[in-house]
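Engineer: Sequence:
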Amino acid sequence: MTINYHTLPNGLRLVHITTASQVAWCGLAINAGSRDEKDGHYGLAHFVEHTIFKGTKHRRAWHILNRMERVGGELNAYTTKEGTMLYSVFPGQHLPRAVDLLADLVQWSLFPQEELDRERDVVLEEAASYRDTPSDAVYDDFEDLLFAGSELGHNILGKKEDLERLTSEDCMNYLKTLYVPGNMAFFSVGPERPERVFRLAEKCFGAMSHGMASRHRTVPRDIEPFNRVMTIGTHQAHTVVGARVPAMGHPLRHALMLLNNILAGPGMNSLLNVELRERRGYVYTVESTLTTLSDCGWMEIYLGCDPDDVRSSLRVIKRITSQLAADLLPERRLEAYKKQYCGQLVVAADSTEFLAMNAGRGLLYRGKVATIDETIASIQAVTPEQIAQAAAYLTADRLSSLTFQ
1 MTINYHTLPN
11 GLRLVHITTA
21 SQVAWCGLAI
31 NAGSRDEKDG
41 HYGLAHFVEH
51 TIFKGTKHRR
61 AWHILNRMER
71 VGGELNAYTT
81 KEGTMLYSVF
91 PGQHLPRAVD
101 LLADLVQWSL
111 FPQEELDRER
121 DVVLEEAASY
131 RDTPSDAVYD
141 DFEDLLFAGS
151 ELGHNILGKK
161 EDLERLTSED
171 CMNYLKTLYV
181 PGNMAFFSVG
191 PERPERVFRL
201 AEKCFGAMSH
211 GMASRHRTVP
221 RDIEPFNRVM
231 TIGTHQAHTV
241 VGARVPAMGH
251 PLRHALMLLN
261 NILAGPGMNS
271 LLNVELRERR
281 GYVYTVESTL
291 TTLSDCGWME
301 IYLGCDPDDV
311 RSSLRVIKRI
321 TSQLAADLLP
331 ERRLEAYKKQ
341 YCGQLVVAAD
351 STEFLAMNAG
361 RGLLYRGKVA
371 TIDETIASIQ
381 AVTPEQIAQA
391 AAYLTADRLS
401 SLTFQ
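So in the numbering used here, the last spot in the sequence shown is 405, and the numbers never skip.
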């Protein structure tokens with residue numbers, strides 16, 4: 001695997017990772033998400049992600065839908081609080097088709113009003129169905145509380161009243177303002193030579209405007225820890241407990257990644273799974289997630305259990321996180337945690353999709369792609385003191401919680 005970089009004269013950064021696989025990926029990582037929406041336009045970033053496929057100056061929606069599908073590929077996208085990923089996977093020989101289509105979408109999308117009206121119903125139904133899944137919805141409501149008063153404190157899917165009034169002009173303005181070369185990164189993973197990939201990108205994206213992204217982001221203010229319970233009439237309780245942590249560029253980034261895996265990563269032997277499920281039978285599931293943005297981050301622990309066991313589970317979580325902050329992990333135990341996590345990273349990195357998404361996000365936010373070897377070296381360098389410092393963000397006096405029951 002080799003990694004090659006290039007920057008077009010208009011500022012669009014490119015990365016290509018050459019692999020032996022006959023399946024290729026390419027796409028655009030865009031530094032624009034729900035935190036970049038104005039009040040009254042909540043849901044616009046996600047709505048643009050849906051409707052960018054609905055027609056361009058050169059193609060109707062039907063042609064866009066079939067462009068990659070007819071050669072066995074796929075075209076997809078997703079939106080987060082701070083970013084949008086627009087990408088395609090396809091047999092490697094069809095790279096020119098994919099690059100041309102992506103360039104058409106970000107430069108010439110028209111957002112026809114009749115298509116917007118049809119897709120609006122789809123997005124509203126997605127939002128409604130999401131609320132019908134408490135184990136998903138509790139995350140969004142928790143984050144709304146955690147970032148109350150900031151542009152991060154609203155659901156990515158948006159508000160019904162805002163979605164109903166979004167227009168073609170709103171979508172066009174969002175695209176022209178944020179989908180600009182200096183605010184995007186193009187990524188490619190596959191068997192093609194990097195020189196050809198970069199020529200294709202120059203041909204398709206070279207004429208894009210040099211304009212700089214226009215947006216205003218502020219670091220969320222600190223809030224007092226909260227413990228809320230919402231009665232929604234479910235048989236099971238769904239709880240998220242968590243706290244703010246530093247941004248993606250912080251020196252403790254890799255310690256936080258390792259701590260997240262130690263607490264309730266995918267392994268059945270994670271601390272909280274063993275303590276809450278295996279030993280006590282309090283929960284039927286527990287999992288931890290770490291999210292880091294350019295200027296802040298947060299760690300969340302989700303648990304599903306009987307309503308009668310929520311308080312006991314929260315006490316166990318607070319005890320364990322506070323203990324990790326107060327007492328240094330023995331070196332031998334920490335080495336075992338590192339070995340497990342690094343093994344999981346190796347397995348994940350065997351996926352071409354993982355390589356592609358990691359390449360796009362890495363180039364967009366950090367200016368380079370972290371290789372699996374570099375990441376493993378950073379994890380191996382984490383000290384017991386750094387784990388304790390990371391855990392200090394999750395002590396009992398800092399944790400907030402939200403329960404649906």
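It is possible that some hints are incorrect.
[What the hints assert, rightly or not] Pair by pair, the computed Cβ-Cβ distance ranges are:
1) Arg-279 / Pro-246: 27 to 35 Å
2) Leu-145 / His-216: 21 to 29 Å
3) Glu-224 / Ala-370: 19 to 27 Å
4) Glu-69 / Arg-221: 24 to 32 Å
Think of the hints as simulated: they come from the structure by calculation, not from any bench. Yeah, the Cβ is synthetic: ideal placement off N, Cα and C, and Gly gets one too.
Engineer: Hint by hint, note whether the structure agrees.
Structural biologist: Hint check results:
A hinted range of 27 to 35 Å for the beta carbons of Arg-279 and Pro-246 is consistent with their spacing of about 32 Å. Range check, Leu-145 to His-216: Cβ separation about 23 Å, and the 21 to 29 Å hint holds. The hinted window of 19 to 27 Å between Glu-224 and Ala-370 is violated, with their beta carbons roughly 35 Å apart. A beta carbon spacing of about 46 Å between Glu-69 and Arg-221 contradicts the range 24 to 32 Å that was offered as a hint.
Violated hints for the displayed structure, listed by number in ascending order: 3 and 4.
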